[in-house]
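Residue numbers (my numbering), protein chains in the order written: chain C, 1 to 271; chain G, 1001 to 1322; chain Z, 2001 to 2292.
Don't read these hints as lab results, they were simulated from the structure. Treat the hints with caution; some may be incorrect.
[What the hints assert, rightly or not] Derived DSS-like pairs (lysine-lysine); straight-line CA-CA distance at most 27 Å:
#1 C:K135 <-> G:K1027
#2 G:K1222 <-> Z:K2187
#3 G:K1029 <-> C:K138
#4 G:K1028 <-> C:K135
#5 Z:K2187 <-> G:K1029
#6 Z:K2106 <-> G:K1038
#7 C:K162 <-> C:K138
#8 G:K1029 <-> C:K135
#9 G:K1137 <-> Z:K2187
#10 G:K1028 <-> C:K96
#11 C:K119 <-> C:K158
#12 C:K113 <-> Z:K2187
#13 Z:K2106 <-> C:K81
#14 Z:K2014 <-> G:K1216
[To be verified] To give an idea of the chain C side of the interface with chain Z (calculated C-beta under 7 Å), a few residues:
#15 E101
#16 R104
#17 T105
#18 M109
#19 F117
#20 P118
#21 G128
#22 L240
[As the list claims (entries may be wrong)] Pair ranges (Cβ atoms, derived):
#23 G:A1026 <-> C:L76: 21 to 29 Å
#24 C:P78 <-> G:S1129: 39 to 47 Å
#25 Z:E2007 <-> G:E1207: 23 to 31 Å
Note that beta-carbon positions come from the ideal geometry of N, C-alpha and C, so glycine has one too.
What follows is each chain in one-letter form.
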Amino acid sequence: MAILVEMRKEELMIEQPEVNKEEVYQTKDLNLWYGDNHALKHINLDIFENEITAIIGPSGCGKSTFIKTLNRMVELVPAVKTSGEIYYRGRNIFDKNYEVEELRTRVGMVFQKPNPFPKSIYDNIAYGPRIHGIKDKKILDEIVEKSLRGAAIWDEVKDRLKENAYGLSGGQQQRLCIARCLAIEPDVILMDEPTSALDPISTLKVEELIQELRKNFSIIIVTHNMQQAARISYKTAFFLNGEVIEYDQTNKIFSTPSDKRTEDYITGRFG
Amino acid sequence: MLWMKGVFNMSSQKYAATLSVQEMIAKKKRQRKNWSEKIMPVILQLTAIISVLTTLGILFTLLVETFAFFKDVSLKEFITGNTWYPFSEPGQYGIMPLISGTLRITGIAILVAVPIGLAAAIYLSEFASDKVRRVIKPVLEVLAGIPTIVYGFFALTFVTPILQKIIPSLEIFNALSPGIVIGIMIIPTIASLSEDALGSVPIAIREGGLALGATKLEVTLKVVLPAAVSGIVASIVLGISRAIGETMIVSIAGGSTPNLGLDITGSVQTMTAYIVQVAQGDAGYGTTIYYSIYAVGFALFIFTLIMNLLAQWISNRVKEDY
Amino acid sequence: MKLIDQEQVIRRMKPRLFRNTFFKYLFLLATGLCLIVLAVLFGRIFIQGLPYLDWQFMNSLPSRKPEEAGIYTALNGTIWLMVVVVPVTMILGVGAAIYLEEYAKKNRFTTFIQVNISNLAGVPSVVYGLLGLTLFVRTFAFGKSVLAAGLTMSLLVLPVIIVSAQEAIRAVPSSFREASYAMGATKWTTILRVVLPASLPGILTGSILALSRAIGETAPLVVLGIPLFLAFLPNSVFDEFTALPMQIYNWTSRPQDEFHALAAAGIIVLLALLIVMNSVAIMIRNKFSKRY
Ligand SMILES: Nc1ncnc2c1ncn2[C@@H]1O[C@H](COP(=O)(O)OP(=O)(O)OP(=O)(O)O)[C@@H](O)[C@H]1O
Ligand SMILES: [Mg+2]
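Chain C on its own, in the form it takes in the complex (with noise of 0.2 Å):
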């Protein structure tokens, strides 16, 4: 672990971000239960554009919860209860006002396991659009295009594109799932475990796709996968039991952690 931090602070030099960027989300005491279960408790976080921020620690920690409320998926599970609140990009996204649909149209999502519709990779990716209501074919057939070149899988499939999604490898599909997330061009993309279900090669080039992206997106990336979050991520929290312990700059995180509970995961010693 500590070779390959100090492998990664040159890197990390170089994409040092430029001062003022603006949040995305900023969470104040946000709290969850499900039922009686508190799975989020006490949550102060501020996310900023264009970086990578990497959510690690041990399993049922409330990782997924607190990726699935910030576009309110969470609220699918019955008996969901919250309170507290998210703004993203300065609104309340708990406000009566703001439709669920809305902001799941800024905010994108990719799963832990790749979830292709059963349909044509093309119809996959002109989903987003169609939904919402654009139809034209040029514009489609553009759309689709583009995102399949940015999720970095157009070479492989675009002789392929009326073929059932269902064809693909797990890795092509899961970079088939991120094109369909850029298809209607979100502000941030959420990811919860997305090479988890992926062999080592996959996972190197969805890891690649996610630095590319970065450029342009504002992600929020949930890993059980430590080195995974040395890699790509600028900034890291580290959840254990629904709390925040430490929200750092990844490279202070995994070289001098200012709690010990957290360098208690980091180094192994449980989770």
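Following the hints, position chains G and Z with the ligands against chain C.
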């Protein structure tokens, strides 16, 4: 903003210079009225409520017309009377003969269906290879899918003549032949539901017996069968319910003579067959005979409902067991 | 001291094994009996009916003379019946299934609807006939029309269609719905564009099987008073009609052997129709079975 940066600013694109996808979406959204989101749940709920209305409709229809029937006939005569002879003047409406006919035919059907259905279930679940299963299962499905009119034809033109060779005193219309054929018809119900029940007995229970050196038969009869008994009973009850409600087979092959007793060689009449007989004839609307089919239908409905609820109750108890 | 006398166990083993084998074959015999019955039933009907099954039979109106009689009006009527039953059951059945699977909250009312549906499936078909007689033939005054019979049949097969459509919808992975919601799709859009297309093969399979039940049903039609014999064709859903099983019933209830042969020929047509429908259903099931 977003559409002005990086890979997403490809100059070859016509629209990218003017509008981003997000802007197009926002524009479309303003044009669209989103009524379907509000109205569809209501419409769909109405379609679901149709099923409740059907039940209410059945109950209401049967009750109202049965009530009209009981203006002419006393409830006491209907339930306790021993003669069903509506075509005389005045008609006699004691339902016992119809129930007796129904029970005789159902009894025969069960005597045929339970041993065969159960044996088939045991064979399929405990002994059969996958190959045999793949032949037998579709056969059972086909048997279950044959229209009852076909079974009725088969009973009258094939089974009855054969039975007459064995039992010379058998009349053309009798209880035996439709009883046997209904039994054949409900074999699939009993076999497949019992097989499910046997199949859901945990493997570990079987292995316990087999490991002690018991034969498959011993394990099946002494361990698996007792464990699955509720499911099997439920399947038999369901089979009884179907036999009671079966109409065409008895109408075609059973005859139209309502009588009491245990005779199965002569013409009988079941509740269902009576309804068909009257509906086919020209009993005028509003006559006592007309209303009587609803009273009989109501009795039939109650019988089958009790059987179905009983079957559900038994099989729900099974689910709690494991 | 030994508690178990091994020799005795071995001596007893033989009859036990014999019993095992004996019963195994007894069970097999019982199971095989189903196959034999099916073969006899089909064989008998084919032998009896095949001589009458020709082009003239398919194209002729019913007649008092067996050699001139045909199945044209009945087949035509069955198709008319489907014209009512197919859209009504598909809309009501799939609609109710969507409601129960996607919208309904888990409360008493939903449980009630669900229990009600499974109980309706067990109501004898002749009782549906009584409902249709009062409701559609008399109260709505549709008479003994295609419409009255079609609606009655629809109510009869509705529970089956609802349950199978529910199963098909339930089998759609929730990850599809999540993906759609995450792109800002509304619930109805998600159902229309993701859930229904993904469950369509299952819905179709179940519906075809349910409709094949409606095609063979006779009792409700008899109760409604649908004529056993009709020499003209319906022009609209408000006209009188007769259907395949009714025609078969009519021929079966005549005493003459010639008419029984005609009934057998009619049964062959009916069974052929059912086999075609079931094959289509199986084809759909195999073609689309679980690609994701
Ligand atoms: N749908 C749900 N209903 C009830 N409780 C839930 C639900 N989903 C998660 N929980 C609970 O909330 C807590 C946080 O779960 P969450 O899925 O967010 O953890 P996680 O950090 O993503 O774990 P993992 O690394 O295993 O994915 C756990 O205690 C879990 O049991
Ligand atoms: Mg998780």
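A quick look at each hint next to the structure:
no., hint, in the structure
1, C:K135 <-> G:K1027, "holds (13 Å)"
2, G:K1222 <-> Z:K2187, "violated (52 Å)"
3, G:K1029 <-> C:K138, "holds (20 Å)"
4, G:K1028 <-> C:K135, "holds (10 Å)"
5, Z:K2187 <-> G:K1029, "holds (16 Å)"
6, Z:K2106 <-> G:K1038, "holds (20 Å)"
7, C:K162 <-> C:K138, "holds (16 Å)"
8, G:K1029 <-> C:K135, "holds (13 Å)"
9, G:K1137 <-> Z:K2187, "violated (39 Å)"
10, G:K1028 <-> C:K96, "holds (22 Å)"
11, C:K119 <-> C:K158, "holds (16 Å)"
12, C:K113 <-> Z:K2187, "holds (22 Å)"
13, Z:K2106 <-> C:K81, "holds (18 Å)"
14, Z:K2014 <-> G:K1216, "holds (14 Å)"
15, E101, "holds (5 Å)"
16, R104, "holds (4 Å)"
17, T105, "holds (3 Å)"
18, M109, "holds (4 Å)"
19, F117, "holds (6 Å)"
20, P118, "holds (5 Å)"
21, G128, "holds (4 Å)"
22, L240, "violated (26 Å)"
23, G:A1026 <-> C:L76: 21 to 29 Å, "holds (25 Å)"
24, C:P78 <-> G:S1129: 39 to 47 Å, "holds (45 Å)"
25, Z:E2007 <-> G:E1207: 23 to 31 Å, "holds (27 Å)"
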